[in-house]
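Could you put the whole structure together from the sequences, leaning on the hints where they help?
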Amino acid sequence: MRRDMKLMLAVWVAVTAASLAVSYFVLRTLSFPTPGAAEDGIIDDAFMALTYMATPVFGLVIAVLFVAMLRFRGSGGPEDGAPIRGGGTIPKVWFAVTTVLAVVLIVYPGLTGLIAIRQHAKPDLEITATGSMWQWTVDYPASGVKIAGAKELVLPVNQHIQVNVASKDILHSFWIPAFRQRMDAVPGQTSSIYITPDRIGDPSDAAYRLQCSQLCGVGHAYMAMPVRVVSQDEFKAWLVSQQKTAEAR
Amino acid sequence: MSHSILRAPIVRGLFWAVVGFVLAAALVGGIRTAMGLDFWNTTVDWVIAYPVALLGWLMGVGVWPQWGREWLGGKAEPYALTGWQRYFGFSPDHKVIGIQYAVTFIVLFLLAGLAAMLIRIELAQPGLQLFTSDQYNAAMSFHGITMVAVAVATLLGGFGNYLVPLMIGARDMAFPRLNALSYWLVPPVAILLVIAVGMGGWDSGWTAYPPLSEVNKEGQVLFNLAVITFGVVSILGGINFLVTVTYMRAPGLTWFRLPIFVWGAISASLISFFFTQAFAAALLMVLLDRALGTSFFRASGGGSALLYEHIFWFYSHPAVYVMVLPGFGAALEILSHMSKKPLFAYRWAAGAMLGIVALSGIVWAHHMFTSGMDPALHAPFLVLTELISIPTGLIFLSALGTIWQGKLWLQTPMLFALAFVFNFLLGGVTGIYLADVPTDLHLHDTYFVVAHFHYTIVGGEIFALFAALYYWFPKFTGRMYSERLGKIHFWMMFLGFQLTFIPMFRVGIQGMNRRVADYPAAYGEYNLFISFAAFLLGASFLFFTWNMLASWFRGPAAAANPWRASTLEWQVSSPPPEHNFDEIPVITGDPYGYGGAGPAHNRPLGGLAAGSEGGS
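These protein sequence lines are chains P and V, in that order. First residue of the first sequence: 1, per the numbering used here; consecutive thereafter. First residue of the second sequence: 1, per the numbering used here; consecutive thereafter.
These are calculated hints, taken from the structure and not from any lab test. The structure displayed is predicted, hence computed values, not measured ones. Positions of the beta carbon are idealized from the N, C-alpha and C atoms, including for glycine. Mixed in with the good hints there might be a few duds.
To give an idea of the chain P side of the interface with chain V (calculated C-beta under 10 Å), a few residues [what the hints assert, rightly or not]:
1. Asp4
2. Ala68
3. Glu79
4. Leu101
5. Val165
6. Ser167
7. Gln181
What follows is the structure, given as structure tokens:
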């Protein structure tokens, strides 16, 4: 009994340490898509915080399963296991510990992350992306540029951008993996997210694509386009070229 | 001979279904023609003719001769079928109905699994190979709703019906004919879904979000009718379990002497009974929008698409607990009996199930953090959803405490029950990321979600279902399954499952969204690997199917109590006699009296002695 408990504790510590190491060295560096916006940190940090917190829980369950399968074997013979009913303090302690864990998770990274992602300054730029089956219309109201059936989404770097998301017909969803956040396009309402692209993006990177992520029928998978994050000068030049194209029409 | 085939209940049911459909459609067509409209309109005709056909089906299959005649003061025909024919007729016997549910839904499970294999062939490489986008959406939608139905009904409808009366010392369910009626509503659900696929399918998944579900192909209409019918099955089944367990427990079987599987069944039934209406109502409103031009969910007519999401998830989140609560019950049951140890912290586990029922109704909007709903709802639903980890944690405590210091008998059912603990751990932990608003903003609608819910529903509930299937197979059939084939099935399924779904977490985080026929080339390598792993997972069911068929027909005869288990169903013969107990047993203790821990529930000391011990 003592020995089994010691073995279980050792496996628990070992599995927890190993999964912490894998989380820190492998998951953290390999798993996320290219980070492209200032807000990404809030989301990626929350993800890692939850992962680190999960490791001891994971370790405990694995340890008990492992030791039980290794040490507490029977073969269906007449012998019974120990008559432990678990009516004493163990369930109370377990209940208390899991409640504390849940409350911790709710506060951090839950509510703190929610507050952080909600805080946004006055936007430098406002754009509206309107989904329809199966394309996006992108509107830069301040510049009078409006592109229906856009082939790419062009955004300036280091500008705090308010993206208004709307729909002409059915549900769609605005999502760029590099910027993490998404918002559904709902007919009859406009919803907003705030993003601050903080590096020049490579539009051939799958993380830099505006992908519809709410099932919208036949064209859903292809309701996507590359996202090009460019310098502010380049962005201004691009807007001017778009205004000229519009005038030429 | 041909005479008797024509009198077979299913043939009569189909005949009256077709008669009902044709008559109703002709009437609708006549009225439409008189109004100057086309004779046939798929939406209107199905919405009106299907309920008539359904009534014809039910009456023909047995409701009229065995029940309906009494409503008009006549005399019902006695229940006459025997042997294998019982399974193809309107039988009020809970054991027949349990097997009808289990076999029907396992066939549907294999069919929807085949759809999953086709999906993985398509997704093995970027680009379109096997399907068009539209066919892909149809296959994905069919896979989704069929597996949801399988997950809701196999354990509760199949195992619940068979086992609950036996476990509580009753001779049948409280409402045997209502029970038969609810089973016979299932074939129309399956037939509608298959016809819908034949008509080109529908492309809105199992969630059927409007406005898409109001403007897409007519397959959607059949989907809605099928799911509304299935909702009736769920509600009727729920009522029956609640009444049965409340009123028909054997003398001495107090609430806290119930086997934990019964707690799982009644917790799930509470949810079926209280919440299913919401889903049915939402789908009915979609039909009304489509057929009559109401505008519940159309912004242009003053409706709201978000309203549907709220109503839909108000049922469909609790629905996942309709799936997993009987799974918790079955797994804990098996862990205790196969460890020869009392269920650890039994009252806490039963309480946790009720806690999950209570919380399940107030967490739905965590599916809507990115939907554009009022942001004021984010914080409360984050808090409430994370609280579910507390009762779920108690289920883990019960499982781990039970196996600790037990005598683990690692036969096939035990392997599946232990795998349930492992899989549900991963499913539960990854759920926290989706209940957390910041991480959900990125992970929502990606393959991370696909992997998460497959870990909870397949890794959790379906593994528990297979544990239950092997564990109770000797009781159901009177024959023993092949342990060797069972273990091959287990290891292939376990490994195939991990290798399929672990990489999906990563590819989802990386940025692959779900419900797409095609994806950027960057995700190609992972998807190829996932597809091959999925084929391994799929192949495991060949061994399963062979084992079940061969053992059912030719397996060695099973003892009454091959696992030396203490609950009531094992104290009667395998399979049990027609009315379960010659004498209703009297219960003197809790169901898990292993190790001499307490008074025996009804444990035979020297063989089959149902009821005799308690009576003395």
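The hints, checked one at a time:
1. Asp4: The hint holds - P/Asp4 has a Cβ within 10 Å of chain V, the shortest such distance being about 7 Å.
2. Ala68: 4 Å, holds
3. Glu79: With a minimum Cβ separation of about 6 Å from chain V (threshold 10 Å), the hint on P/Glu79 holds.
4. Leu101: 7 Å, holds
5. Val165: 7 Å, holds
6. Ser167: Holds, because the Cβ-Cβ distance from P/Ser167 to chain V comes to roughly 9 Å (cut-off 10 Å).
7. Gln181: With a closest approach of 4 Å, the P/Gln181 hint holds.
Every hint, counting from the list given before, is met by this structure.
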